[in-house]
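There are 2 protein chains.
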Amino acid sequence: MKRIAFSLVTLATLAGILAFTPAASGDADEEAAPIYGIKLPAGYRDWALISVANVGGPINDIRAKLGNDVAMRAFREGRLPFPDGTIIARLAYQQVTSEENNNAIRPFAEKQLPPEQVKKLLDGSFVAGPPTNVQFMVKDSVKYASTGGWGFAQFNNGKPADEATIKTCFACHQPAKDHDFVFTRYAP
Amino acid sequence: MKRIAFSLVTLATLAGILAFTPAASGDADEEAAPIYGIKLPAGYRDWALISVANVGGPINDIRAKLGNDVAMRAFREGRLPFPDGTIIARLAYQQVTSEENNNAIRPFAEKQLPPEQVKKLLDGSFVAGPPTNVQFMVKDSVKYASTGGWGFAQFNNGKPADEATIKTCFACHQPAKDHDFVFTRYAP
Numbered sequence: 311m312k313r314i315a316f317s318l319v320t321l322a323t324l325a326g327i328l329a330f331t332p333a334a335s336g337d338a339d340e341e342a343a344p345i346y347g348i349k350l351p352a353g354y355r356d357w358a359l360i361s362v363a364n365v366g367g368p369i370n371d372i373r374a375k376l377g378n379d380v381a382m383r384a385f386r387e388g389r390l391p392f393p394d395g396t397i398i399a400r401l402a403y404q405q406v407t408s409e410e411n412n413n414a415i416r417p418f419a420e421k422q423l424p425p426e427q428v429k430k431l432l433d434g435s436f437v438a439g440p441p442t443n444v445q446f447m448v449k450d451s452v453k454y455a456s457t458g459g460w461g462f463a464q465f466n467n468g469k470p471a472d473e474a475t476i477k478t479c480f481a482c483h484q485p486a487k488d489h490d491f492v493f494t495r496y497a498p
Numbered sequence: 311m312k313r314i315a316f317s318l319v320t321l322a323t324l325a326g327i328l329a330f331t332p333a334a335s336g337d338a339d340e341e342a343a344p345i346y347g348i349k350l351p352a353g354y355r356d357w358a359l360i361s362v363a364n365v366g367g368p369i370n371d372i373r374a375k376l377g378n379d380v381a382m383r384a385f386r387e388g389r390l391p392f393p394d395g396t397i398i399a400r401l402a403y404q405q406v407t408s409e410e411n412n413n414a415i416r417p418f419a420e421k422q423l424p425p426e427q428v429k430k431l432l433d434g435s436f437v438a439g440p441p442t443n444v445q446f447m448v449k450d451s452v453k454y455a456s457t458g459g460w461g462f463a464q465f466n467n468g469k470p471a472d473e474a475t476i477k478t479c480f481a482c483h484q485p486a487k488d489h490d491f492v493f494t495r496y497a498p
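Chains as they are written, first to last, in our numbering: chain P, 311 to 498; chain Z, 311 to 498.
Everything labelled a hint here was simulated from the structure, so no lab data went into it.
Any given hint could turn out to be false.
[Said to hold, decoys possible] Reference excerpt, derived from the structure (chain P facing chain Z, CB under 8 Å, subset only): (1) A363; (2) G367; (3) E410; (4) A414; (5) K430; (6) G434; (7) S435; (8) F436; (9) P441; (10) F480; (11) C482; (12) A486; (13) A497.
This one's a predicted model, so the numbers in the text were calculated from it and none came from an experiment.
C-beta atoms are modelled at their ideal positions from N, C-alpha and C, and glycine is treated no differently.
Extracted from the complex, chain P is given alone in its bound form (with noise of 0.2 Å):
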């Protein structure tokens, strides 16, 4: 138990269960990220929606990709790989329940399905809660040409995450190899 317990805590490191308040971006004296030596990309947080998903429990996470300019022409227009200067960044929140939410949508479920269909229904029904981290993936061919052109950033409450998070994160995008290594594909 000890064993899953402690263990839990690399997978939640790597999906994004840690405490965040996001912090204001873009400041030169940001410290940056282990490895990659990426700051936190000033204004990501207005960036387009490139597309959403969300992990099961014990995860339990929903999230946001984000581009710029550059990711989102390159999604739009089907660009592989991606150009120097693509940058997508995810965001990840605690997924909770929303009574308010419920009880807005239980009256029109109520009138259309069976109880056991309601209730699955609304089980079934998150929002976003507190934010875990934010993720980033930065294309420069030459400065990361061993991992794929890509470097890779994590940001807890603001704070870059340690080396041995960001040592895993291209080891985990191998199977998207054939699409740049981004697994995400642009929802329209």
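Since the structure of chain P is already known, use the hints to place chain Z on it.
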């Protein structure tokens, strides 16, 4: 059974499981949605992210709320009621399994979790599939005075939803009256 199948269409219309392909927005000759006369807002797909959410089966969607500049400022300042000019967009997608994502997560999960928890993690992980529909709330305290200052619209495949659908919007938003009829909270 027939009754359930039929009524599911109504619920589906409300929550968005109709087939949908996004159209270019902002054309002057575009058709306006009924009742409130709202056209597909130009450039909405590039707006910033307010938050993300999902709705359980039989709807099974994953959704993003985007806001225009007026909306984003109001959300970030916690301003209520939302000022005139606010537009909130709700984009919804079928929630589907990504084998590629699951193949990436599996080896890490298997090192750290017992098999039944790996299954739970992967079974609960989804990405955005085909889009369903897009809904909008537009704030105009004069024009839409009788519905809390909000006009509502839904577009399926770029085409406005019918009047019966749009008629349900304001009633459904009543439980959020204390938050100016807006369910979504800003996700930092």
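Do the hints match the structure? See the list:
For the restraint placing A363/P at the interface with chain Z, the shortest Cβ-Cβ distance is roughly 4 Å, inside the 8 Å limit, so the hint holds. At about 5 Å, the closest approach between the beta carbon of G367/P and any beta carbon in chain Z falls short of 8 Å, and the interface hint on this residue holds. Evaluation of the E410/P hint against chain Z yields a held restraint, the C-beta minimum of about 6 Å falling below 8 Å. Evaluation of the A414/P hint against chain Z yields a held restraint, the C-beta minimum of about 4 Å falling below 8 Å.
Interface restraint check: K430/P against chain Z, minimum CB-CB distance 5 Å, threshold 8 Å, status holds. The criterion of a C-beta within 8 Å of any C-beta in chain Z is met by G434/P, whose closest approach is roughly 2 Å, and the hint holds. Because the closest C-beta pair between S435/P and chain Z is about 5 Å apart, less than 8 Å, the hint holds. Residue-level restraint check for F436/P holds (minimum Cβ-Cβ distance to chain Z is 5 Å; threshold 8 Å).
Of the supplied interface hints, the one on P441/P holds, with its beta-carbon coming within about 6 Å of a beta-carbon of chain Z, less than 8 Å. Look at F480/P: its Cβ only gets to about 12 Å from chain Z, farther than 8 Å, so that hint breaks. Interface hint at C482/P: satisfied, since its Cβ lies 6 Å from the closest Cβ of chain Z, which is below the 8 Å cut-off. A distance limit of 8 Å between C-beta atoms decides the matter here; for A486/P the minimum to chain Z is near 6 Å, and the interface restraint holds.
Checking A497/P against chain Z: minimum C-beta separation of about 4 Å stays under 8 Å; hint holds.
Checked against the numbered hints given earlier, the structure breaks only hint 10 and satisfies all the rest.
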